[in-house]
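Undergrad: Given next are the chains, with one letter for each unit.
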Amino acid sequence: MLRRTVDRVAADARAASFRTRSIKKEAKLQGLRMVVSMTDLTTLEGKDSPGKVRGLCRKAVQPGAALQGVPSVAAVCVYPSYVALAKECVAGSGVQVASVATAFPSGQAPLDLRLEEVRRVVEAGADEVDMVISRGALLAGQIQQVSDEIRAIKQACGPAHLKVILETGELETYDLVRTASDLAIEAGADFIKTSTGKVAPAATMGVTLVMLEAIRDHYRSSGVRIGMKPAGGIRTAKEALHYLVMVKETLGDAWLDPSLFRFGASSLLNDVLLQLNKQETGVYAANYDVSSE
Amino acid sequence: MTERLPILKTYKLYLGGAFPRTESGRTTVVEDAQGQARAHLCRASRKDFRNAVVAARKAQPAWAGRSAYNRGQILYRMAEMLEGKASEFVDALAASVPGGSTRARREVDASVDRLVAFAGWSDKYQQILGCQNPVEGPFHNFSIPEATGVLAVVAPQEEPLLGLISLLAPALCSGNTVVALGSESHPLATAIFGEVCATSDVPAGVVNLLTGQRAELLEQFASHRDVDGISAAGCSPDEKRVLELGAAGNLKRVQVLALNQEQDWYNAQQRESPDTIEAFVEIKTIWHPSAS
Amino acid sequence: MSNTTSTWDYAPAPESAPCAIADEYGLFINGEFRPAADGRTLESIEPGTGEVLTRFALASPADIDAAVEAARAAQPAWAALPARERGKYLFRIARRLQERAREFAILETRDGGKPIKEARDVDIPEAAKHFFYYAGWADKLDYAFPGRSAAPVGVCGQIIPWNFPLLMAAWKLAPALACGNTVVLKPAETTPLTALRLAEVLQEVGLPPGVVNIVTGAGETGAALAAHPQVHKLAFTGSTEVGKKLAAMAAGTGKRLTLELGGKSPHIICEDASLDQAVEGIVQGIYFNQGHVCCAGSRLLVQESVQDEVLQKLAARMQQLRVGDPLDKNTDVGAINSAEQLATIQRYLKIGVEEGAELHVSGADLALPTGGYYQKPAYFSGVQPAHRVAREEIFGPVLAVMSFRTPEEAVQRANDTPYGLAAGIWTDKGSKMFALASKLRAGVIWCNTYNRFDATSPFGGFQQSGFGREGGRHGLKAYLQLQAWETTSD
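Sequence lines, in order, name chains V, P and B. 220 is the number that our numbering gives to position 220 of the first sequence; each next residue is one higher, with no gaps. 1094 is the number that our numbering gives to position 94 of the second sequence; each next residue is one higher, with no gaps. 2131 is the number that our numbering gives to position 131 of the third sequence; each next residue is one higher, with no gaps.
Keep in mind the hints are simulated off the structure, nothing from the lab. From the three backbone atoms N, C-alpha and C, an ideal C-beta is built for every residue, glycine too. Careful, some of the hints might be misleading.
Pair by pair, the computed Cβ-Cβ distance ranges are [what the hints assert, rightly or not]:
#	chain 1	residue 1	chain 2	residue 2	range
1	V	Ala286	P	Pro1138	34 to 44 Å
2	V	Glu26	B	Glu2408	50 to 60 Å
3	B	Arg2405	V	Pro201	36 to 46 Å
No farther apart than 20 Å at their CA atoms in a straight line, the calculated lysine to aspartate or glutamate pairs in the EDC-like style are these [as the list claims (entries may be wrong)]:
#	chain 1	residue 1	chain 2	residue 2
4	B	Lys2432	B	Glu2189
5	P	Lys1058	B	Glu2408
6	B	Lys2329	V	Asp175
7	P	Lys1085	P	Asp1201
8	V	Lys238	B	Asp2009
9	B	Lys2429	V	Asp175
10	B	Lys2376	V	Asp148
11	B	Lys2244	P	Asp1226
12	V	Lys238	V	Glu249
13	B	Lys2329	V	Glu239
14	V	Lys25	B	Asp2009
15	V	Lys24	B	Glu2408
16	B	Lys2244	P	Glu1219
17	V	Lys28	B	Glu2340
18	B	Lys2429	B	Asp2416
Partial pick of chain B residues on the chain V-facing surface, computed with a CB cut under 8 Å [stated by the list, open to error]:
#	residue
19	Asp2009
20	Ala2011
21	Phe2033
22	Gln2098
23	Thr2449
Modelling step: build the complete structure from the supplied sequences, incorporating the hints.
TA: So this is what it looks like as structure tokens:
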């Protein structure tokens, strides 16, 4: 594998430049709706309950009940225990069910247990599997091991889409983020994803740009489009629009589609709904204008 | 008893580390105060000057590329060799410049000391003229002085040795190479100084010394496009204008010192100030991002 | 999952804050605005629309005399002010520029054609920073050059170009004033407005009359200022051609001179560089401010082994550049400064093709505004070092691409120019970076970045890109007589 380097300062400067784009009026409305359609509405808490998952699914299917033209989100993302329930709740809506697996969030379990977990969530009906890589192995330079594990997990996924979480906050350098992106793509990832949401920093624009560049290079050399999912840390509609600008200007409009770009977020959706509310009514909304769960 | 016939030396040009005759074949006689012939000197032509510039250009990158410590040692070696030939210089100066051997001795001593001063400067001016700059953002930014390149030096007519060395030393210590025209009125010191250079580990082409006439050469010095700067002293307003006008053609850096008092050349505080070096260095500023 | 959309276009986002522009502007002499003595005026065209924006005075020789006389009369008192007080005026100017930044940005964009994004994020904040930086030097001059006492030079004539009108005014004025000099400033013919608005700021902050005088006009105006016998120091930023004329004019007059001139700066991309970032650097290097940048990275030297990949990435990146209305906040490449400059650029595009280079222009289907002066970003591949497009400054969004095989060849090609303003190096290897940086003959070397500026960072050229430095401690020197200088013929 060709090891590519990333100049962090220049990458961050480029990422910051997307924030200067001014997205107004129709472009904003269209963008906000896209954000909704690309959201993996997520709950990954120890205290999750069937009730919470049902509420989440309800919101995923119909996020803006009172608003016009607001699509469903792309997927709900839950722990393995709730896959079956979620599947039942979103049935017929087109909303996908994603589950984290592979001893999320640390990945610190024997490979056979991780593979078994993947097989179980797929059996339970998961459309998408969000796996974590072995960061310890990667940081120790055991690139082949990381790659082999991803290949095995991809195989265990069967028909389910595989999202590979790099946990960029633990990789630290952009060089390693790039290396991890390239190896995940080569090993069969359908999506590459920044973070578990359990480690700070989670998604940043700089890290996401580095991963988008890996996707771009792969597309140029192979013609195959890999998806991208920044997760964690994206909380406002404005930020989400900046991400869309970055995707558009790095990969092109083809990637502005839920099949190729997702936001992993829990609180983002509400801010987007508030903004959509404002766009529709012309009045600034209050938090109580949309349900908090 | 028959008086011994002295050997009249013919001084040649010092050019590219060798001592060629002027290609023009022209020589002049140097007489002492009593009107007795002392020596013969070359009268350099424009072609000699052009050849000297070629030698200086060729030598410049390697000279600038030597360690500052090494350049300092070579300048110090020049001081040593000059000290060793002091009485020859005293004789030559005393025979030509009014003031006799006492004045000449003072000039030679000051010249040695000037070389010593710049031998010391060679690895220090960078820290005076350069700096690190506190720019905004994740960047490491610093400015360093680099040699201007090839300089044409026009030495003053008076203080022929001290004036020449005061213009040469700052230019050399910072990595410039030079083509110098010595004093036309008192040229012998320039010619002998070539012998100092030749025995001081000065690489060929770093110092090139011409004896000749300003009226013939100044315009060439000013207009030659492969010369990067002009360091001159003791010029008339007309000569200064000629130099500056010719320099405009390729934007040479020009410094024409108006040191009209003998005493000016002995003012170490000014003539050994880092300003003298700064006139013929270029400040290069380098930016580099800082991140892991 | 279906496509929610096929394309997502940004809606127009025009900067809409108010910025009044008068019908006519006068000269600023001795603290007051006044028409030219003979009443003549020139038009200022808005490059974004091609229409007349306003009119301004064309200074006559009598006006130049009056301005220089005002500066001469004001100089002793200005120099005699306690240095701290002098500095405080500059601090005030910096503050007012920050406070009025939006208005200045709009004016700069309308008058000169640069994208509002750049005027807002670069020109105006950097101009304010320059005043702030040199304000602090005013009372510290004796520490700047140890062992040497510092005195002002006198009256400075300053002639500035049209590419960064306010920023260049700040680069010139701030150090001159901090050192106790007074100034006659001559803005460029196509971009006088922000300098004149700066004059309003000078009035606001109570700067004593005559300390700064601003004379507008054309080339002859600058020549008259340069030739004026009472001008002790001349500072010019502009073309090398004009710089040489000024150097010849100043010959033998005893005027001090600093010149910041043209360039054809090499931008070297090594095979081990971070290529995506290097491509950003290339874009920033040549398309920033429509390529109207003296230090633009206009000669790309890319290592042969990565040339195809770099050019492929560059072409794709160029498609993302939004060319158009300078006032739109999303515009990346605005209007060419004047019809004349557009003609120059187009002439070079023709020359390059005739010489046998291959022209690539981005955004073939991109609609440009009707009216105004626009040039889509372009690059030439297959350029030979001897081609005119590889040697001459185009001053537009046109890049000449060449290749190299070894670092030595890169240095040799990079230095194969009479200029020496700037250079860029992209490599991931520190030792190679330092080796290249030390061999390149240029006053500013950007490693793994390009077109960065800072008030604290000395800027200026080697060789025929001029002499003298602006910015940082080094920027003071041109405006001071140090003790060692007193004995020179100046």
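Undergrad: Now tell me, hint by hint, if it's right for this structure.
TA: Status of each hint after checking the structure:
no., hint, result
1, Ala286(V) / Pro1138(P): 34 to 44 Å, "holds, 40 Å"
2, Glu26(V) / Glu2408(B): 50 to 60 Å, "holds, 55 Å"
3, Arg2405(B) / Pro201(V): 36 to 46 Å, "holds, 41 Å"
4, Lys2432(B) / Glu2189(B), "violated, 44 Å"
5, Lys1058(P) / Glu2408(B), "holds, 17 Å"
6, Lys2329(B) / Asp175(V), "violated, 33 Å"
7, Lys1085(P) / Asp1201(P), "holds, 16 Å"
8, Lys238(V) / Asp2009(B), "holds, 16 Å"
9, Lys2429(B) / Asp175(V), "holds, 14 Å"
10, Lys2376(B) / Asp148(V), "violated, 47 Å"
11, Lys2244(B) / Asp1226(P), "holds, 16 Å"
12, Lys238(V) / Glu249(V), "holds, 17 Å"
13, Lys2329(B) / Glu239(V), "holds, 17 Å"
14, Lys25(V) / Asp2009(B), "holds, 11 Å"
15, Lys24(V) / Glu2408(B), "violated, 50 Å"
16, Lys2244(B) / Glu1219(P), "holds, 17 Å"
17, Lys28(V) / Glu2340(B), "violated, 39 Å"
18, Lys2429(B) / Asp2416(B), "violated, 24 Å"
19, Asp2009, "holds, 6 Å"
20, Ala2011, "holds, 4 Å"
21, Phe2033, "violated, 35 Å"
22, Gln2098, "violated, 19 Å"
23, Thr2449, "holds, 6 Å"
Of the numbered hints stated above, those contradicted by the structure are hints 4, 6, 10, 15, 17, 18, 21 and 22, listed in ascending order.
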